[in-house]
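**Q** If you're matching them up, the sequences are chains A and B in order. Sequential numbering from 1 applies to the first sequence in this note's numbering. Sequential numbering from 1 applies to the second sequence in this note's numbering.
Hints are not guaranteed to be accurate.
To be verified - When the alpha-carbon atoms are kept at most 25 Å apart in a straight line, the in silico DMTMM-like pairs for lysine to aspartate or glutamate are as follows:
(1) A:K8 / B:D152
(2) B:K100 / A:E29
(3) B:K100 / B:E81
(4) A:K112 / B:E127
(5) A:K187 / B:D97
(6) A:K130 / A:D94
(7) A:K187 / B:D141
(8) A:K187 / B:E132
(9) B:K6 / B:D152
(10) B:K100 / A:E65
(11) A:K112 / A:E65
(12) A:K187 / B:E126
(13) A:K172 / B:D152
(14) A:K112 / B:D152
Stated by the list, open to error - If the Cβ cut is set under 8 Å, some of the chain A residues that face chain B in the computed set are:
(15) T102
(16) L103
(17) I107
(18) R180
(19) R182
(20) L194
(21) F201
Calculated from the structure, these hints are not laboratory results. Values in this document were obtained by computation on a predicted structure and should not be read as measured data. Using N, Cα and C, we set each Cβ at its ideal position, and we do this for glycine too.
In case you want the letters, here they are:
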Amino acid sequence: MAIFGDLKDIGVLDIFPIIAPQNGRFVVEDGGRHLIFYLRGGRLVCAYVNDTPLSPAGVEEVFLELARNGRGRFRFEMNQAPSQCNAALNLPADELLLRVATLKDEIEYVEKALPHPRAEFLLVNPEKAKGEPELYLFLQHAWPHLARGASAEVLSREFDMALDRVRYLLYKARLLGAVRLRVRERKALETPGLVRRMLAFFQRRSRQASV
Amino acid sequence: MNTPLKIVVTGPVGAGKSTLIRTLAKGGYVDTDARATEAIGKATTTVAMDHAVMDVGGTTLHVFGTPGQERFDYMWEILAEGALGTVLLARADRPGDLPKARQIFEFILSQSEVPYVIGVTHLDAEEAWAPEEIALFLRADPTLAVGFDPRDPKDAIRPFVRLLDALDGKR
Numbered sequence: 001m002a003i004f005g006d007l008k009d010i011g012v013l014d015i016f017p018i019i020a021p022q023n024g025r026f027v028v029e030d031g032g033r034h035l036i037f038y039l040r041g042g043r044l045v046c047a048y049v050n051d052t053p054l055s056p057a058g059v060e061e062v063f064l065e066l067a068r069n070g071r072g073r074f075r076f077e078m079n080q081a082p083s084q085c086n087a088a089l090n091l092p093a094d095e096l097l098l099r100v101a102t103l104k105d106e107i108e109y110v111e112k113a114l115p116h117p118r119a120e121f122l123l124v125n126p127e128k129a130k131g132e133p134e135l136y137l138f139l140q141h142a143w144p145h146l147a148r149g150a151s152a153e154v155l156s157r158e159f160d161m162a163l164d165r166v167r168y169l170l171y172k173a174r175l176l177g178a179v180r181l182r183v184r185e186r187k188a189l190e191t192p193g194l195v196r197r198m199l200a201f202f203q204r205r206s207r208q209a210s211v
Numbered sequence: 001m002n003t004p005l006k007i008v009v010t011g012p013v014g015a016g017k018s019t020l021i022r023t024l025a026k027g028g029y030v031d032t033d034a035r036a037t038e039a040i041g042k043a044t045t046t047v048a049m050d051h052a053v054m055d056v057g058g059t060t061l062h063v064f065g066t067p068g069q070e071r072f073d074y075m076w077e078i079l080a081e082g083a084l085g086t087v088l089l090a091r092a093d094r095p096g097d098l099p100k101a102r103q104i105f106e107f108i109l110s111q112s113e114v115p116y117v118i119g120v121t122h123l124d125a126e127e128a129w130a131p132e133e134i135a136l137f138l139r140a141d142p143t144l145a146v147g148f149d150p151r152d153p154k155d156a157i158r159p160f161v162r163l164l165d166a167l168d169g170k171r
């Protein structure tokens, strides 16, 4: 007997609380990725993505991604302990789940208002985000990129963060006036004569259509 | 020989992109509609692009319509390369679609230098936002928002005339 299934049917936030108190490894085949999370006594002891160990921040990002867009086969293998932990995490699983569930809810609440992943933002006044420690820290890290204009897609790649989390942080930063949309100059047309000829054509066609 | 010109029509699903291009093309029209595989509020949807060619006073004008579904966002970038301008369509009677229209609009503003106008459709609905109200929501210049009926050949050219006016320096 084994616990297995697909994350599209049973979300990671549903399955993880059941397996978290046990000892073993939770394996997810997520597209091209092979994710392994080792659990012992309610704590996440180490985690790997395609054999690369995850940092505590990395684990949160991966969990958020799984919780938001989770697809892929999963299985829980009881009593499988890591032969060695390259980067020990020792994170309480319930705390991790609570943080990810809260963040997921917050993101879903404002989902439609989140910026396009490729819309670029410029840093205006990071001090306005001082009351939001996580956001302020993110803006400090992202400052060199945001000083010249950067999108959520670029920042997510650069800092190995879940794309939706970065979109959410940029949304909050924008609300506070810490960043603004980078608007490019509209290109001036070099052939005004052509524009006038086309305008005349459309106006003629409009008159013909109304007859 | 005149260099062919290009205008791109974009916007959320159901905003009227395919209808507009069909009206403009008067038959010389290619669409790539396929049966919708998800609930998007209509039976078919554009999966690659709509395309119409017009002879505009001796100059060839290509009008391309992008697919409205999110997973085809990248098509806008491909189609907008070297475009004269973009027409962003938004429905006046579906406020629920406006956040998506704003996402597309902000993407256009920050990723390209292509001039734009906002074409507002379905103004004849019982309840509808005014074009200026839609511009307000999009944080866009209200003088660049034009209401029109994409089914009406006379009306369908209004966003293009406004775009050309803007290119000609008229507010």
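**Q** Hint by hint, note whether the structure agrees.
**A** These are the hints, each one checked on the structure:
As the CA atoms of A:K8 and B:D152 are separated by approximately 44 Å, the hinted pair breaks the 25 Å bound. Between the alpha carbons of B:K100 and A:E29 the distance comes to roughly 31 Å, so the proposed pair goes past 25 Å and is violated. Note on B:K100 and B:E81: the hinted pairing holds, with a Cα-Cα distance of about 22 Å set against a maximum of 25 Å. With a CA separation close to 22 Å, the supplied pair A:K112 and B:E127 stays within the 25 Å bound.
Between A:K187 and B:D97 the CA atoms are separated by roughly 28 Å; this puts the pair beyond 25 Å, and the hint is violated. For the given pair, A:K130 sits about 28 Å from A:D94 by alpha-carbon distance, which is inconsistent with the 25 Å threshold. At most 25 Å may separate the alpha-carbon atoms for a hinted pair to count; A:K187 and B:D141 meet this at roughly 16 Å. Taking the CA atoms of A:K187 and B:E132, the gap is about 24 Å. The hint holds against a cut of 25 Å.
Using a Cα cut-off of 25 Å, the hinted pair B:K6 and B:D152 holds, with the two alpha carbons roughly 22 Å apart. For a cut-off of 25 Å, the pair hint linking B:K100 to A:E65 stands: about 21 Å separates their Cα positions. With a CA separation close to 17 Å, the supplied pair A:K112 and A:E65 stays within the 25 Å bound. Between the alpha carbons of A:K187 and B:E126 the distance comes to roughly 38 Å, so the proposed pair goes past 25 Å and is violated.
The suggested pairing of A:K172 with B:D152 is violated, with an alpha-carbon distance near 42 Å, which exceeds 25 Å. Of the pairs offered as hints, the one joining A:K112 and B:D152 is violated, with about 32 Å between alpha carbons and a cut-off of 25 Å exceeded. At a threshold of 8 Å, the smallest CB-CB gap from A:T102 to chain B is about 23 Å, leaving the interface hint violated. With a least beta-carbon distance of about 20 Å to chain B, the hint placing A:L103 at the interface is violated under the 8 Å criterion.
Interface restraint check for A:I107: the shortest CB-CB distance to chain B comes to about 14 Å, outside 8 Å, so the restraint is violated. The interface hint given for A:R180 is violated, since its Cβ lies 10 Å from the closest Cβ of chain B, which is over the 8 Å cut-off. Interface restraint check: A:R182 against chain B, minimum CB-CB distance 5 Å, threshold 8 Å, status holds. Among the interface hints, the one on A:L194 holds; its C-beta lies about 7 Å from the nearest C-beta in chain B, closer than the 8 Å criterion.
With a least beta-carbon distance of about 4 Å to chain B, the hint placing A:F201 at the interface is held under the 8 Å criterion.
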